[in-house]
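Undergrad: Now for the letters of each chain:
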Amino acid sequence: MNIIVCIKQVPDTSEVKINPLTNTLIREGVPSIINPYDLHAIEAALQIREKKGGKLTVITMGPPQAEDALREAIAMGVDDVRLISDKAFAGSDTWATSYTLSRAIEKLGYDLILCGKQAIDGDTAQVGPEIAEFLDIPHIAYIKKIEEIGDGFVRVQRLMDDSYDVVESTIPVLLTVVKELNVPRLPSLRGKMAAKKAVITKMTLNDLDAEEDNIGLRGSPTKVKNIFAPPMKGDRKILEGTLENQINELVEVLKSIKCL
Amino acid sequence: MPITVKIDICTGCGQCVDSCPYSAIELKNEKAFINDFCNECNACLSVCPEGALTEFALKSDLPKSINLNEYKGVWVFAEQRSGYIASVALELLGAGRRLADALKTTLTAVLFGSNEEEAKELIRWGADKVFHANDSSLNKFNDEPYCQLLLDLIRQHKPEIVLAGATAIGRSFIPRVAGRLKTGLTADCTSLEIDKETGNLLQIRPAFGGNIMATILCPEHRPQMATVRPRVMKRNLYNPDRNGEIINVPIQNLKSRTKVLDTVNESSECMINLQDAEIIVSGGRGLGGSKGFEMLGELARLLGGTIGSSRAAVDEGWIPYRHQVGQTGKTVCPKIYLACGISGAVQHLVGMQSSDIIIAINKNPEAPIFNVATYGIVGDIYEVVPLLINKIKEAKE
Ligand SMILES: Cc1cc2nc3c(=O)[nH]c(=O)nc-3n(C[C@H](O)[C@H](O)[C@H](O)COP(=O)(O)OP(=O)(O)OC[C@H]3O[C@@H](n4cnc5c(N)ncnc54)[C@H](O)[C@@H]3O)c2cc1C
Ligand SMILES: Nc1ncnc2c1ncn2[C@@H]1O[C@H](COP(=O)(O)O)[C@@H](O)[C@H]1O
Numbered sequence: 001m002n003i004i005v006c007i008k009q010v011p012d013t014s015e016v017k018i019n020p021l022t023n024t025l026i027r028e029g030v031p032s033i034i035n036p037y038d039l040h041a042i043e044a045a046l047q048i049r050e051k052k053g054g055k056l057t058v059i060t061m062g063p064p065q066a067e068d069a070l071r072e073a074i075a076m077g078v079d080d081v082r083l084i085s086d087k088a089f090a091g092s093d094t095w096a097t098s099y100t101l102s103r104a105i106e107k108l109g110y111d112l113i114l115c116g117k118q119a120i121d122g123d124t125a126q127v128g129p130e131i132a133e134f135l136d137i138p139h140i141a142y143i144k145k146i147e148e149i150g151d152g153f154v155r156v157q158r159l160m161d162d163s164y165d166v167v168e169s170t171i172p173v174l175l176t177v178v179k180e181l182n183v184p185r186l187p188s189l190r191g192k193m194a195a196k197k198a199v200i201t202k203m204t205l206n207d208l209d210a211e212e213d214n215i216g217l218r219g220s221p222t223k224v225k226n227i228f229a230p231p232m233k234g235d236r237k238i239l240e241g242t243l244e245n246q247i248n249e250l251v252e253v254l255k256s257i258k259c260l
Numbered sequence: 001m002p003i004t005v006k007i008d009i010c011t012g013c014g015q016c017v018d019s020c021p022y023s024a025i026e027l028k029n030e031k032a033f034i035n036d037f038c039n040e041c042n043a044c045l046s047v048c049p050e051g052a053l054t055e056f057a058l059k060s061d062l063p064k065s066i067n068l069n070e071y072k073g074v075w076v077f078a079e080q081r082s083g084y085i086a087s088v089a090l091e092l093l094g095a096g097r098r099l100a101d102a103l104k105t106t107l108t109a110v111l112f113g114s115n116e117e118e119a120k121e122l123i124r125w126g127a128d129k130v131f132h133a134n135d136s137s138l139n140k141f142n143d144e145p146y147c148q149l150l151l152d153l154i155r156q157h158k159p160e161i162v163l164a165g166a167t168a169i170g171r172s173f174i175p176r177v178a179g180r181l182k183t184g185l186t187a188d189c190t191s192l193e194i195d196k197e198t199g200n201l202l203q204i205r206p207a208f209g210g211n212i213m214a215t216i217l218c219p220e221h222r223p224q225m226a227t228v229r230p231r232v233m234k235r236n237l238y239n240p241d242r243n244g245e246i247i248n249v250p251i252q253n254l255k256s257r258t259k260v261l262d263t264v265n266e267s268s269e270c271m272i273n274l275q276d277a278e279i280i281v282s283g284g285r286g287l288g289g290s291k292g293f294e295m296l297g298e299l300a301r302l303l304g305g306t307i308g309s310s311r312a313a314v315d316e317g318w319i320p321y322r323h324q325v326g327q328t329g330k331t332v333c334p335k336i337y338l339a340c341g342i343s344g345a346v347q348h349l350v351g352m353q354s355s356d357i358i359i360a361i362n363k364n365p366e367a368p369i370f371n372v373a374t375y376g377i378v379g380d381i382y383e384v385v386p387l388l389i390n391k392i393k394e395a396k397e
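Chains as they are written, first to last, in this note's numbering: chain A, 1 to 260; chain B, 1 to 397.
Read the hints as simulated data drawn from the structure, not as lab findings. Built from N, CA and C at the ideal position, the CB exists for glycine as well. Treat the hints with care, since some could be wrong.
Estimated spans, in silico, between C-beta atoms of each pair [as the list claims (entries may be wrong)]:
| # | chain 1 | residue 1 | chain 2 | residue 2 | range |
| --- | --- | --- | --- | --- | --- |
| 1 | B | 297 | A | 192 | 42 to 52 Å |
| 2 | B | 239 | A | 248 | 38 to 48 Å |
| 3 | A | 29 | B | 234 | 18 to 28 Å |
Each computed EDC-like pair below joins lysine to aspartate or glutamate, with the alpha-carbon atoms no more than 16 Å apart [said to hold, decoys possible]:
| # | chain 1 | residue 1 | chain 2 | residue 2 |
| --- | --- | --- | --- | --- |
| 4 | A | 179 | B | 315 |
| 5 | B | 391 | A | 244 |
| 6 | A | 225 | B | 40 |
| 7 | B | 140 | A | 212 |
| 8 | B | 182 | A | 212 |
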């Protein structure tokens, strides 16, 4: 079984702050991490490989420094990694990213592809299903449990808005995973050593059968027009007087809108 | 348009470097340098105190691959669950109606599964026309048949805008549709407008965990597609006398490599579903423990509402995840949102700030939750809430 996991290096958004004067992100000192959902995808893939054997390759598309994310994956115990990186890929939106990743995956060969549910920088959750469409394979999104991987099929539980579905698919298939699936392991000491020594293989545009019109900024149908700070509601009113009076005022409000 | 640095003006102060959400600006030889990761978002332009960053016009070498004017009309994918139209579909009809009116065009709903009565409901909620694939096999959501049907309809009728809910269903199969059509898809929008000059759809959405908002365009491809976050768009007024056309869509040869074997409803202790609740009493880390939620539960019951929470309270294990409100939880829009011991981090605010009335109780007068509160009480929840409970009981007698 050939397993591919797609991971993305993202800024740790819990550390991102906004500069209220310029309405822009303060990125200084914000660490880059593996997208948290992707760690669950790696963990799931490791468990499948432990049970079923096969080869597990982790890929990421991004700038040269995304190599760090791949080293972390090696430390967790994956077999192989690829850094998909080329100037020509810069400025990709989800369409161009999915297209490019699908070309790389096509080259590598696959039975099972795992992605995180979404990346915490863009929060789009689109790349997984779009990769599946480009490869012309089925996908199942928001997997919270893998029930069985059999001969040529998988059966999983997918999270819906107010229930969950049990879904079966033929293999090859792409799955996107949520946090409930597992607890990602920490890197072992041996893994960390291996990660340090590993030579990271790169794939550039030349290594892919990709059409230039479909990659990078040029291949991206969406454009970011501008970014701005989230607007705030302006009707702030702090109640005053004794606590008793404040509560009475609140109760009057509740009455006036017929809540009481 | 690409960004360029006027080297002679740049002082190398580095403010633009920090402003770039894509890490696309570096300092080289003490001058700003735009690297390959520039997304042309223009975030840096207003930051430079010297005005050294500018856009430069580049003649588009893109062949206009499609004739944009061929694409007309606004479409809404009306999601149903177990045969009933989901509330998000009605919200989309509200948003879609406003866009269609701004563009002076028609609003079409697309319904897979369910029944004719529900199709008529879509018209009463604002659609001019409904494409209805009336087949019970579609009552259960399955990506490939949904994708195939919607693709065929879009290719045949060429709408200029297609909206769907940013729900488990919409976020799963709409990306495949956009992928195949080679068009842009903007995820999880919280606001949609028409650009008066170009007629393009301005798609506004939070990014970076809700820390910033971005306006996204899809200028050269059609249809312009977006998923829209539930509970942020306003519905139209229901009009039982509204008429429209229902067009049956035949289904044939739908193939699928995935099979939905079973649907399991998770029993919910919520008295009322969070997203349908009119009153939400929400607690955060300030409660200090799960006991606090018992007190909030009493208040919620008195008001006929339900319980929400911040992520901090969920992470502490005081309350299950399904109560979480915010960026990674649910978006809610109740009549009253009562925030108790919640600081008001942006990630929480994006999930509740469109509530009609926000009441905040927090002992820290500087807490950002007060910036969105309609009524704020600075005080200890363990003093305020019991008193409030008593007063409400009195008022009810
Ligand atoms: C990618 C990402 C996604 C996120 N998604 C969400 C999300 O969906 N929802 C969410 O809520 N958060 C989310 N967060 C977390 C968010 O950033 C905050 O950490 C969280 O909302 C804080 O919760 P809190 O307000 O309960 O806790 P705190 O920030 O610790 O605030 C507690 C408040 O209680 C007050 N207080 C303490 N004791 C008392 C008392 N006795 N009486 C009155 N007031 C008291 C304090 O003054 C303080 O203001 C997300 C973060 C990230 C990075
Ligand atoms: N640049 C990338 N390289 C590799 N995988 C990616 C990349 N972008 C997104 N993904 C995968 O797609 C998932 C969803 O990302 P998104 O659609 O950006 O929210 C992530 O969790 C990753 O598994």
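Undergrad: Now tell me if each hint is right for this structure.
TA: Hint by hint, here is what the structure shows:
The hint said 42 to 52 Å for the Cβ distance between residue 297 of chain B and residue 192 of chain A, and at roughly 47 Å that hint holds. Separated by about 41 Å at the C-beta atoms, residue 239 of chain B and residue 248 of chain A satisfy the suggested range of 38 to 48 Å. Under the hint 18 to 28 Å, the C-beta atoms of residue 29 of chain A and residue 234 of chain B, about 41 Å apart, miss the expected range. The suggested pairing of residue 179 of chain A with residue 315 of chain B holds, with an alpha-carbon distance near 13 Å, which does not exceed 16 Å.
Restraint check for residue 391 of chain B and residue 244 of chain A: satisfied, since their Cα atoms lie roughly 9 Å apart, inside the 16 Å limit. Between the alpha carbons of residue 225 of chain A and residue 40 of chain B the distance comes to roughly 8 Å, so the proposed pair stays at or under 16 Å and holds. Restraint check for residue 140 of chain B and residue 212 of chain A: the C-alpha separation of about 39 Å exceeds 16 Å, so the hint is violated. Between residue 182 of chain B and residue 212 of chain A, the direct Cα distance comes to roughly 14 Å. Compliance with the 16 Å bound is thereby established for this hinted pair.
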